[in-house]
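Trainee: Sequence:
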Amino acid sequence: MSAYYTNKPIVKVAALPAEEVNTERKNLILGLPIHSIEEKVFFSEKGDRPHANYDTDSLLLTDGIYSPDENYKNKEWFHINRGGGRLITFKLPCLCAVDGFLLSTCRNDEVAVRTPTYVKIRVSADGENFKTVYDNGDTRSHIDRRNFIIKGDFEKTLALYVQLAIDVVHHVYIDEFEVFGCTDTSGALMPVADGLPVFNEHPLPAEINKYPSEDVLGAKNIALTYNFRPAAEDKGLLTEQDYLPLTAYLDGDGSIKDTFMDGFLFLPDVSMDYTPRGQFADGWQEYMDSVFVKGKNLDALNSAAKKTGDALGKPEHKVKVFFTLLYTYTRHDEFGTVNGEKLIFDNPESRKKAIRWLIDYMLAEYEKGGYSNTEVGGFYWFEEALNPTDRYEKEIIRDTCEYIHSKGYKCLWIPYFCALGYEDWQSYGFDCACMQPNYMFDYGIPQSRLYETAAQALRMGMCVELEIWKVREGADRSIDAAGVENIKRYIRYLEAGKETGYMLAPKIYYHGSAIGSIIPKGYCSKNPIYREMYDKTYLFAKKKL
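One point on numbering: in our numbering, the residue at position 211 of the sequence shown is 216, and numbering is uninterrupted.
Mixed in with the good hints, there may be bad ones.
Each pair of labels, with its calculated beta carbon distance range [to be verified]:
{"no.": "1", "residue 1": "A237", "residue 2": "I70", "range": "39 to 49 Å"}
{"no.": "2", "residue 1": "G413", "residue 2": "T342", "range": "39 to 49 Å"}
{"no.": "3", "residue 1": "K17", "residue 2": "Q431", "range": "44 to 54 Å"}
{"no.": "4", "residue 1": "K493", "residue 2": "A198", "range": "52 to 62 Å"}
{"no.": "5", "residue 1": "M195", "residue 2": "S411", "range": "57 to 67 Å"}
To be clear, the hints were calculated from the coordinates, so they are not data collected in a lab.
C-beta atoms are modelled at their ideal positions from N, C-alpha and C, and glycine is treated no differently.
Kindly produce the complete structure, drawing on both the sequences and the hints.
Mentor: This is the structure we're talking about:
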């Protein structure tokens, strides 16, 4: 069921009348196979996961079996992944009169399973001249985990071919597609080609064609520091020694030679999004408090920054800190009590209040801490793609950015490679967006991805994230083959940044989510290629590579 389909053209045949004419209205495509399927590629949603698109031989769309819930993992759902849009055609057994449809999809925001944001139904009597009989440009919802039925009626129209046109937002799972009508065609309209576009067009934004100013965030080199792993025994809290090789450039003996990273983004392990801990007020509180644990995390960073400044004769040396904005999931009846008010995420105002509570709490706790060698730079929108199926998300993000700006801080977003909405990032109010190439994580992705990312980032006024992971050094100084390959791939990020110019823009570094992470461990490595990676990162950060 997992074979990737290729575009299949429509096979035109003569329309034959029904052998038995009756007026019974029923599902005319029950048990029928997909006749043809076409993919419309919008650049921002290239279909790069063929294994996640089910074969056209599948009968899942028309088998008449409904999933009892939104569990996309069960065997009742037909899976479509990215690519922008799909045009799926069914050929009826004979010329019929059609007058309605039903489409059953599901939504689960935890894993980017989205409903299509538009659905179009088109019919034709000859396979060439198609008429749009239904066009719904808004299927959004305020509920982020649910089965979602889209249905509609239209004028009785002659049809031999029926097409379903949808946009594909990340992952789309369809349970059933039904087309209603009868074999009695008396009184049915002849479908006349209307010339309307099959897919909603995505207008290109105004060309920007420059990387953002290096000073837009107040920090030139920002390290992602995953400071909270709730499943770990020690909660994944970071120490001064974890931070020091990043606040300072160290020689092999640990002596401080120069400053290094000047920005640190505090964020929880991504599992926060997939558990109740990240979806209720109590879990948010636990994460927020973890940032301010005495001797760990922010306090440890402050100590490392102070030690760096003192060693270099710069006691006033400061680094910027950025805090993470958690997502307001709406599947639960009640988020929790905030400032004496029970928040229920069935409306945008309660979601805005939760986010403002987080912002206010983090700023208040920061002020209490007296962190002499750090200063707040702003906040980070945790989700890596925008969600057009969320009826209120854009309104909420805009409100959040405005609130952050009113406090004098910046708001940052880091989408994955060409994630949905990246071309529209400025309209949401973000001060800076930084694109992930995601080249590091899949050896099947060619090196050209780095240059493609650089080109898109330049076009859209974005910066580029650096990425490295899974480098483990043994006691004998050896690094396994995967670790060596990951270092080589990471160096290509640096070289591409030097060649294309994103080295001169703000730079954000993902280097794993484990304690200590990867870049800082390079300073004390006895393996020359690991130490070289640390040195080259320093040169890149200082624009000297």
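Trainee: Look at each hint and say if it fits the structure.
Mentor: Structure-based check of all given hints:
1. A237 <-> I70: 39 to 49 Å: The hinted range 39 to 49 Å holds for A237 and I70, with Cβ atoms some 42 Å apart.
2. G413 <-> T342: 39 to 49 Å: violated, 29 Å
3. K17 <-> Q431: 44 to 54 Å: Holds, since K17 and Q431 (Cβ atoms, about 46 Å apart) stay within the stated range.
4. K493 <-> A198: 52 to 62 Å: Distance hint for K493, A198 holds at roughly 54 Å.
5. M195 <-> S411: 57 to 67 Å: Holds - the Cβ-Cβ distance for M195 and S411, about 59 Å, lies within 57 to 67 Å.
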